[in-house]
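Participant: Sequence:
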Amino acid sequence: MRIINTDILKLINRERFKAGLKPLSYRKDIQDATNIRAKEASILWSHSRPDGTPYYSADDKIYGENLAKGYKTPPEIVMAWMKSKSHRENILSPLYKGVCIGEYISDKGKKFTSSEFTL
1 MRIINTDILK LINRERFKAG LKPLSYRKDI QDATNIRAKE ASILWSHSRP DGTPYYSADD
61 KIYGENLAKG YKTPPEIVMA WMKSKSHREN ILSPLYKGVC IGEYISDKGK KFTSSEFTL
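Each residue of the sequence shown is one higher than the one before, starting from 1 at the first, in the numbering used here.
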């Protein structure tokens, strides 16, 4: 697991800038939960957690989530999110003020990325 992928954060904030929105700040305080969600996505590909609870139960500061699997580069990940209505809405939500990014590489080498949004 990585602490944060700053390239993804920069690309998310570039999309927000293009939309006239303020950049999101890095939320170090939810890094553990974000890393957990990236790993959980490798177990159950869903916005529900493997125990059946919703994604936001990983931390009470989480209000939105984007997941990606199998993409190799930050531009591929953010481009895929921007092509998805719900993921794009998370990136461009004026309500969100912070974000944390986690990554997990499975034993088979597949990358799972979690982006957790905060108010």
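Treat the hints with caution; some may be incorrect.
Claimed, not checked - With a cut-off of at most 25 Å between alpha-carbon atoms, the simulated DSS-like pairs for lysine-lysine come out as follows:
id : residue 1 : residue 2
1  : Lys110    : Lys72
2  : Lys10     : Lys72
3  : Lys111    : Lys72
4  : Lys72     : Lys83
5  : Lys72     : Lys28
6  : Lys110    : Lys22
7  : Lys61     : Lys72
8  : Lys85     : Lys10
9  : Lys108    : Lys22
10 : Lys39     : Lys22
11 : Lys108    : Lys61
12 : Lys110    : Lys10
13 : Lys110    : Lys39
14 : Lys69     : Lys108
15 : Lys61     : Lys28
16 : Lys39     : Lys111
17 : Lys69     : Lys28
18 : Lys61     : Lys39
19 : Lys18     : Lys39
20 : Lys110    : Lys69
21 : Lys18     : Lys108
Hints in this document: simulated from the structure, not taken from any laboratory.
Participant: Are the Cα positions of Lys69 and Lys28 separated by 25 Å at most?
Facilitator: holds (22 Å)
Participant: Going straight from one Cα to the other, do Lys61 and Lys28 come out at no more than 25 Å?
Facilitator: holds (12 Å)
Participant: Compare the distance between the alpha carbons of Lys10 and Lys72 with 25 Å, and conclude whether the hinted pair is satisfied.
Facilitator: holds (16 Å)
Participant: For a C-alpha distance cap of 25 Å, please report whether Lys110 and Lys22 respect it.
Facilitator: violated (32 Å)
Participant: Would you mind confirming whether the straight-line C-alpha gap from Lys18 to Lys108 stays at or under 25 Å?
Facilitator: Not OK: Lys18 and Lys108 at ~37 Å, beyond 25 Å, violated.
Participant: If you draw a straight line from the CA of Lys110 to the CA of Lys69, is it 25 Å or shorter?
Facilitator: holds (7 Å)
Participant: With a cut-off of 25 Å on the C-alpha distance, tell me whether Lys110 and Lys39 pass.
Facilitator: Status holds; Cα separation ~11 Å.
Participant: Is it true that the CA of Lys39 sits at most 25 Å from the CA of Lys22?
Facilitator: violated (29 Å)
Participant: Under the criterion that the straight-line Cα-Cα distance not exceed 25 Å, is the pair Lys69, Lys108 satisfied?
Facilitator: This hinted pair holds, its Cα atoms lying about 12 Å apart.
Participant: Assess, step by step, whether the Cα of Lys61 is no farther than 25 Å from the Cα of Lys39, and give holds or violated.
Facilitator: Roughly 19 Å between the alpha carbons, so the hint for Lys61 and Lys39 holds.
Participant: Check whether the Cα positions of Lys110 and Lys10 lie no farther apart than 25 Å.
Facilitator: holds (23 Å)
Participant: Are Lys72 and Lys28 close enough, with their CA atoms no more than 25 Å apart?
Facilitator: holds (23 Å)
Of the numbered hints stated above, those contradicted by the structure are hints 6, 7, 9, 10, 11, 19, 21, listed in ascending order.
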